[in-house]
Amino acid sequence: MSEFGYLRVASVSPEVVVGDVAKNTQVICETIKELKKKGVQVAVFPELCVTGYTCADLFKQSLLIDKAKEALFTINDAAKGMAVFVGAPLRSTNGALYNCGVLLNGEEEIGVFPKRFVPNYDEFYEKRWFTPYMDEEDLFEDFFIWEAVKVYGNDNKFTGAVLGCEICEDAWVPDAPSVRLALNGANVIVNLSAGNEVIGKAAYRKELVSMASAKNACAYVYANAGMGESTQDLVFSGHSIICEYGAVLAEKKPFDTKTSYIISDIDIEKLNHERQRAETFSQPDILRDDCLFSEVFVDEKGDGLLREVDGHPFVPKDLENRKQRAAEITNMQAFGLVKRLSHIGAKTAVIGISGGLDSTLAFLVTCKAFDILGLDRKGIIGITMPGFGTTGRTYENAKSLVNNCGASLVEISIKEAAADHLKNLGHSLEVHDITYENAQARERTQVLFDYANMKGGILIGTGDLSELALGWCTYNGDQ
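In my numbering, the protein residues as written are -19 to 459.
Accuracy of the hints is not assured; some may be wrong.
[Stated by the list, open to error] Calculated cross-link-like contacts (lysine to aspartate or glutamate; reagent style EDC-like; alpha-carbon spacing at most 20 Å): (1) Lys395 / Glu417; (2) Lys60 / Glu10; (3) Lys403 / Asp413; (4) Lys47 / Glu121; (5) Lys16 / Asp135; (6) Lys281 / Glu14; (7) Lys250 / Glu280; (8) Lys49 / Glu121; (9) Lys49 / Glu88.
[Claimed, not checked] For each label pair, taking beta carbons as the anchor points, the in silico distance ranges come out as: (10) Asp430 / Lys358: 39 to 49 Å; (11) Asp118 / Glu187: 36 to 46 Å; (12) Cys271 / Leu353: 52 to 62 Å; (13) Ser408 / Thr260: 47 to 57 Å; (14) Lys233 / Lys60: 23 to 33 Å.
Hint data in this document are derived by calculation from the structure and do not stem from the laboratory. Remember, it's a predicted structure, so these values are computed and weren't measured experimentally. Cβ atoms here follow ideal geometry from the backbone N, Cα and C, with glycine treated the same way.
All chains should be modelled from the sequences, with the hints used to inform the complete structure.
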């Protein structure tokens, strides 16, 4: 499915054993093997998952740090054909310890993303062990500091995906690295996290990740620590989330032990289209820094999507949400009309009623606007204009609508006027082509405008926005 612009990603929350690098490495490699069978191209594991996040003062032991570094080469061998992010502590050439995200791809060049914002408040005291990253260069002997990574398929074709990485606390600060990464082209942000649970935090985390993906017009893959971490001071739930442009594609609920990972397909073409549409991302006055790019190669994923493509994306499936959406739309339209009616002082509205959906909705919105203004609904004049193709059902629907709403009903037939017009054109009434249809539409428009003038009222248009969104409408004929 890569040719359709999708990238398959996984957010993993494996069961770790604190301080047991060999066991954690085994679990990570086994999970990578399993994810490959499912066509995953990018896998994200939690913060410090190679050692465990809750090692505390064990991070001061050289044996643990050295074993973690060795493990990265083992995982790198298993990661070939996939972009795999794991968390590990890495000692720099100057002796400082960094909390790092490491990108493994089966290649000799291994990318490192050191954590910039190291929390040291409330239940956190990471600065006891880790140094915040401050854009230093050449920190590590065997690894390379990266910022953004372009993803290529195994056919050397750019997939359109650009990966950026931040670690846990990085996402919770005002100057999140993801903002700079997004402005430099990253459209998939991964977050290796070890976020503990307190009351209300899971809901806030979900909103945070969702809004980060929305404001940055990106996908956000959040992998959180879970089972196996020490609960001496903190509790971890494995709450992991995959979002795309504000929508939650997949979520591993807090304390869900049924699975260790979630998978979804990210629509890269959609994200890039949204960035093109929202010119914010191309404004020359927005601050952009030079970003250090690298590249990874991933295998093509299998057929079929692991996400639902909604055939009705603007209509909520849930009845309660659907009612709320309908009420919101109606209020927006009604109050827009209220402003126009009050501004021009109109107390009469003319509307063509066909018995169909478009004119029915417009009529109901007009009734609501009149109610808001305290105007008599008799000032709403619904005109039914039978033509050549008018059926008894739509005709009766139109009359019932106007009468049941307490408005004024007027009937004006257009058959004779349309017939005369077609006769003047030399067009046969037996030829039911676009001219035949539009002659009736334009005759109805003429009647409506003139009747509104005669009554000193405003004509309410009944165009269908779903048609207009596709570049055409039928108001006054096909346009």
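Now the hints, each set against the structure:
1. Lys395 / Glu417: holds, 12 Å
2. Lys60 / Glu10: This hinted pair holds, its Cα atoms lying about 13 Å apart.
3. Lys403 / Asp413: Holds: Lys403 and Asp413 sit about 15 Å apart, inside 20 Å.
4. Lys47 / Glu121: Within the cut-off at roughly 16 Å; holds.
5. Lys16 / Asp135: Roughly 18 Å separates the two Cα atoms, so the pair holds.
6. Lys281 / Glu14: holds, 13 Å
7. Lys250 / Glu280: holds, 19 Å
8. Lys49 / Glu121: Given that 20 Å is the threshold and the Cα spacing comes to 11 Å, the pair holds.
9. Lys49 / Glu88: Roughly 14 Å between the alpha carbons, so the hint for Lys49 and Glu88 holds.
10. Asp430 / Lys358: 39 to 49 Å: Check failed, 21 Å falls outside 39 to 49 Å.
11. Asp118 / Glu187: 36 to 46 Å: holds, 39 Å
12. Cys271 / Leu353: 52 to 62 Å: holds, 55 Å
13. Ser408 / Thr260: 47 to 57 Å: holds, 55 Å
14. Lys233 / Lys60: 23 to 33 Å: For Lys60 against Lys233, whose Cβ atoms are near 32 Å apart, the range 23 to 33 Å holds.
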